Structure formats: structure tokens, C-alpha cells
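Input sequences plus hints: build the corresponding full structure.
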Amino acid sequence: MNKTIVVRNDMTETVAAPWGGLTWYASGKLGNSTELTVGRCVIKPGMSNPLHFHPNCTEILIVLQGTVMHTTDGGESRMDAGDTITVQSGFTHHATNIGNTDAVLFVVFPTPDRKVENE
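One point on numbering: in our numbering, the residue at position 100 of the sequence shown is 82, and numbering is uninterrupted.
Calculated from the structure, these hints are not laboratory results.
The calculated SDA-like cross-link candidates involving lysine to any residue, where the alpha carbons are at most 20 Å apart (straight line), are:
1) 26 / 52
2) -15 / 10
3) 11 / -3
4) -15 / 8
5) 11 / -6
6) 11 / -10
7) 26 / 46
8) 11 / 94
9) 97 / 22
10) 11 / -5
11) 97 / 71
12) -15 / 18
13) 26 / 88
14) 26 / 58
15) 97 / 37
Small disclaimer: the values here were computed from a predicted structure and weren't measured.
Here's what the structure looks like:
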């Protein structure tokens, strides 16, 4: 990619879910990255995103707001704002919002075409 691409807010991809949702800001699908997928995950209080794994990539999550319990094949980790977790490809995981406000997570994948499979 030899150019600068601006993706306006109305051009992002938002996926709503009963537990919260995802907004994608950069990806191959959006046409503004050939190397990464970047997004934001919001999880409502008391809710969890589905147990899932990524067969083709690692996932890095940074808690921007709130408190989550992140469950992986390796156990559970309480995460507060500023904490980061790296989940290797193939490991099942999900986050549960254990706080009283929305949990906001910044998510990055080292591929423009992340795959996801639910357990």
C-alpha cells in the first residue's frame, strides 16, 4: 500500500451484539490495511463476549476502560484499565465485564484478515 487512507467514522464496520459489540477501524475488508486489523470492543456490565479463538493470528487486547476477567486456555486474569494481554493463535478465550460500567478494549491482530471461530 503506497498511499495514505483516511477512514471516516461513518466508514468503519460496527457489529452490534447483545453483550456489547465491535467496531473495526482498519482491516483488509475496509481496504485501509494490508498488515493489521484494529478495532474496539465494548462489553456491557455483567456480560461476556463469546468463547472463541483465532486460527490464523495472535490477538492483543488493551483495556482502555473498566475491569474484565479474561479467561483463556491458561486460566483467568483480572484486567483493569491499562492492562494488556496477548493471546496466541488457536487459544480459546473470552472476556467478562466484572465492573459496573462498559468495558472498552482496544484490539489488534497482525493480519488484515483475522479469522474467528466460536467454541
